[in-house]
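Asker: Here is how the chains run, residue by residue.
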Amino acid sequence: MLHEVTERRERTRVGRLGELYLRYADDATRLAYLLTGDRALAEDLVQDAFVRLAGRLAHLRDEGAFEAYLRRTVVNLSRSYFRRRKVERSYLQRHPPAGPSAEAAPIAQLGDRDALWRALAGLPQRQRAALVLRFYEDLSERQIADVLRCPIGTVKSLVSRGLSTLRTRMDGEER
Amino acid sequence: MTDVDDELRALFERKAREVPPHSEVPPALRRRSRVRIASTGAVALVVVLVLGGGVVGALQLVNRAGRGEPGGGGSGMVASTSPPPATGAALPRCTSGQVRVDASLGGAMGSVEGAILVSNYSSTRCTLQGYPGLTLLGADLSPVAGQNRYGVRRTEPQWQANALPTPAGWPVVTLKPGAAASIRFRWSNWCGTGNAATPLWKIRIPGSGEAPVYGMDGTQPPPCNGPGLPSTIWIGPFEPARALPR
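Going down the list, the sequences are from chains A and B.
Residues in the first sequence are numbered from 57 upward in steps of one, following this note's numbering.
Residues in the second sequence are numbered from -2 upward in steps of one, following this note's numbering.
Bear in mind the hints are in silico, worked out from the structure with no lab data behind them.
Computed from a predicted model, the values in this text were never measured in an experiment.
Some hints here could point you the wrong way.
With beta-carbon atoms standing in for the labels, derived distance ranges [what the hints assert, rightly or not]:
| id | chain 1 | residue 1 | chain 2 | residue 2 | range |
| --- | --- | --- | --- | --- | --- |
| 1 | B | R146 | A | R79 | 21 to 29 Å |
| 2 | A | R141 | B | Q157 | 32 to 40 Å |
| 3 | A | R72 | B | P203 | 22 to 30 Å |
| 4 | B | Q157 | A | E75 | 19 to 27 Å |
| 5 | B | D2 | A | L97 | 23 to 31 Å |
| 6 | B | T229 | A | S213 | 21 to 29 Å |
| 7 | B | R151 | A | S220 | 33 to 41 Å |
Cross-link-like lysine-lysine pairs, in silico, DSBU-like; alpha carbons within 30 Å at most [what the hints assert, rightly or not]:
| id | chain 1 | residue 1 | chain 2 | residue 2 |
| --- | --- | --- | --- | --- |
| 8 | B | K173 | A | K212 |
| 9 | A | K142 | B | K199 |
| 10 | B | K12 | A | K142 |
| 11 | A | K212 | B | K199 |
| 12 | A | K212 | B | K12 |
| 13 | A | K212 | A | K142 |
| 14 | B | K199 | B | K173 |
Derived contacts from chain B toward chain A, CB cut-off under 8 Å, selection only [claimed, not checked]:
| id | residue |
| --- | --- |
| 15 | R6 |
| 16 | F9 |
| 17 | D99 |
| 18 | G191 |
Glycine is no exception: its CB is placed at the ideal position from the N, C-alpha and C atoms.
Bound conformation, chain B alone (with noise of 0.2 Å):
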């Protein structure tokens, strides 16, 4: 018998040959990406016209503090006007909607452990920092909740873990667009019975929401170990995706 990577390359050449070439833009597509770059560039905007706005309303009352004019001067005012605070600082917080979150988990010893993604799918830069929530739900989307009893606790970031240098900027995790902060995870004896055998979850993140992340990917609850002892989920602080091992 062939091998079935050869009978994979021909089916794969098969089947993408049935594709028809596209020989217009279809007018949905300019339409859509018009309704797109347009709020893009809206939301640009108001973000340039807001920190233009502090730029200089700040200078101003640094040329005021200078002249000793009423309204710069003080020493509380002259603190408002130091130099403005670290980038990572001044950008927003990531909001639920601004990201999507997937898992990269396999099972070890009885476990399944790895790292929840948190991928920045808007255009605009932001940040995330500290623990996220984490809360497991039976088929019907519910918190699994009765007999199906487990606990979250904190543990270390993975380049503490891997006695890696601090990333820079942490614990905040600056996120560009496109770019993902990962979070520890770790995960023991699950006997969830009912519709929360293998039960989907949700990330919370700090101050901005739920971001549902629905299923494991294919990865299956870690093992039953025994009804009596605990399921514990373990997870980690937000830190730059790169700090991981590859």
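Bound-form chain A, shown alone (with noise of 0.2 Å):
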């Protein structure tokens, strides 16, 4: 009996989150490939997204809530994949640490001729997701600061620096 019930939640929460995942999945995969410039890195981030949220379902009320907690949870894995790599790569020294930033490879890998795409792959990895967070979605330096867990001086620190990099790179494509 017990058994019954429990298998029949389980049923409607992987019902109920194939249902979120049709509605988000497009948002949540579009705000991974933003972050990571990697189309197939950004589908596993967010099915690992989702697998993750699996589990906080039966707390879930707002649907709302739910929103902003993939978008935290997309934007927190796509940082630990980058930090996973980058310690693989101290580890191995294949690469010397005078070359682009280790965090900037998957979009750099594209062969992307926008000279914009490639300067934003050569940001430090927080301060690309606060672009995307500011300029993409649209959100305000609380929601950032909320998003990315700093300060919101933080926030306004990270977008300035890299939009002032941008801005230095673009200007030394032009020449």
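Using the hints, build the complex out of the two chains.
Answerer: In structure tokens, the structure reads:
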């Protein structure tokens, strides 16, 4: 009896997760793609995010909260990915530290010819995340601070430094 | 030249359109989420059974004590059936497998300071208490040694430094799923050489093993004020993350 009830609940939750996936996966994948520059990686991160959220569905009352939670999970997972990658690279010591940012590799590997896209790839991951959340997701500084878990002053500084670096690099490209 | 903000917006819009729409749920997602939900449910069931068993046992002891039956008498037994401990005290300690560690640090007056955030990424509540341990690692992930000496000192929590009221439940910090505790952090004078020039670091949760922290989120170590001067890291105890000024 208990087993049947548990199984029915599980089926309901998996079904609900499917509905949420169909509703939010496009937005989440776009966000992950802009954060990483790699479409396949973005798909993987979004799937990981939904699996993580599957365990939290029972506590979810407000769908608006789900969207915010999903966004934060995608940002966190992409940061974890780049952090892991950085450690692996340090450990293997195959690349000299003076080269382009290790975090930027997925975008750089695409061979994209868009100068701004390439410049974005060279930014530290937190700056890139702040710019994506500000100029793609149109979040306020407070909302970005909540997602990145940092003070608002840090968000202002991340956005300002990111834009300034992009301007410098774009000027360099034009010359 | 158009300002880079507008170009960025246009770039993001254009790139976002490259992502094809999702018309069906991947079978792998269904399978993985079923496993996740089942494991979460199993953990919850075990917790309910354990807590339920404890409550039933306690009630039986109280009843026996009230009736003067053997096994229920004696002051020691009565004491053990006193009201259950506060919720925070009954919760398990957070283990390193349950948490994720992030740093929110910035440079200030020749040092690096800010907070280390420890977030509960599990689906159960747990607690943190006391001071964490902290170790600096070289690029090969071994603890830095030799000339690269540093000291770790304890400091007061941020709420105390800001003369804020004591957070509820402190020094125990109860973390709901998704909630974070913070650790006040300050580091001065780093003249590390070799593979410790930009060290990685990890923190240790008392009684629960180590939680790795890789790198400093793009934050550089503090500047070198003098190779002969000590490098010191001050860390505070765990405290609720909201106690920090925003």
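Asker: For each hint, tell me whether it holds in the structure or not.
Answerer: Evaluation of the provided hints:
Between R146 of chain B and R79 of chain A the Cβ separation comes to about 55 Å, which falls outside the hinted range of 21 to 29 Å. Checking the proposed 32 to 40 Å range against R141 of chain A and Q157 of chain B shows it holds: the Cβ atoms sit about 38 Å from each other. For R72 of chain A paired with P203 of chain B, a C-beta distance near 38 Å fails the hint of 22 to 30 Å. As the Cβ distance of Q157 of chain B to E75 of chain A is approximately 47 Å, the hint placing it in 19 to 27 Å is violated.
Distance hint check for D2 of chain B and L97 of chain A: the Cβ-Cβ separation is about 26 Å, which falls inside the suggested range of 23 to 31 Å. Distance hint check: the CB atoms of T229 of chain B and S213 of chain A are about 25 Å apart, consistent with the given range 21 to 29 Å. About 38 Å separates the C-beta atoms of R151 of chain B and S220 of chain A, a value consistent with the hinted range of 33 to 41 Å. Among the hinted pairs, K173 of chain B with K212 of chain A is consistent with the structure: their alpha-carbon atoms are about 29 Å apart, no more than 30 Å.
In summary, the hint linking K142 of chain A to K199 of chain B is supported, as the alpha carbons are separated by about 15 Å, within the 30 Å threshold. Taken as a hint, the K12 of chain B and K142 of chain A pair is honoured in the structure, with Cα atoms around 25 Å apart against an allowance of 30 Å. With a CA separation close to 28 Å, the supplied pair K212 of chain A and K199 of chain B stays within the 30 Å bound. Proximity of K212 of chain A to K12 of chain B is assessed by CA-CA distance (about 24 Å); at most 30 Å being required, the pair is judged to hold.
Taking the CA atoms of K212 of chain A and K142 of chain A, the gap is about 25 Å. The hint holds against a cut of 30 Å. Taking the CA atoms of K199 of chain B and K173 of chain B, the gap is near 23 Å; set against the 30 Å cutoff, the hint holds. Restraint check, R6 of chain B versus chain A: the minimum CB separation of about 5 Å is within 8 Å; hint holds. Contact between F9 of chain B and chain A, as hinted, is supported at the beta carbon level, the nearest pair being about 4 Å apart and thus within 8 Å.
Because the closest C-beta pair between D99 of chain B and chain A is about 6 Å apart, less than 8 Å, the hint holds. A hinted interface residue such as G191 of chain B counts as satisfied when its beta carbon comes closer than 8 Å to some beta carbon of chain A; here the least separation is about 12 Å, so the hint is violated.
Checked against the numbered hints above, the structure breaks hints 1, 3, 4, 18 and satisfies the rest.
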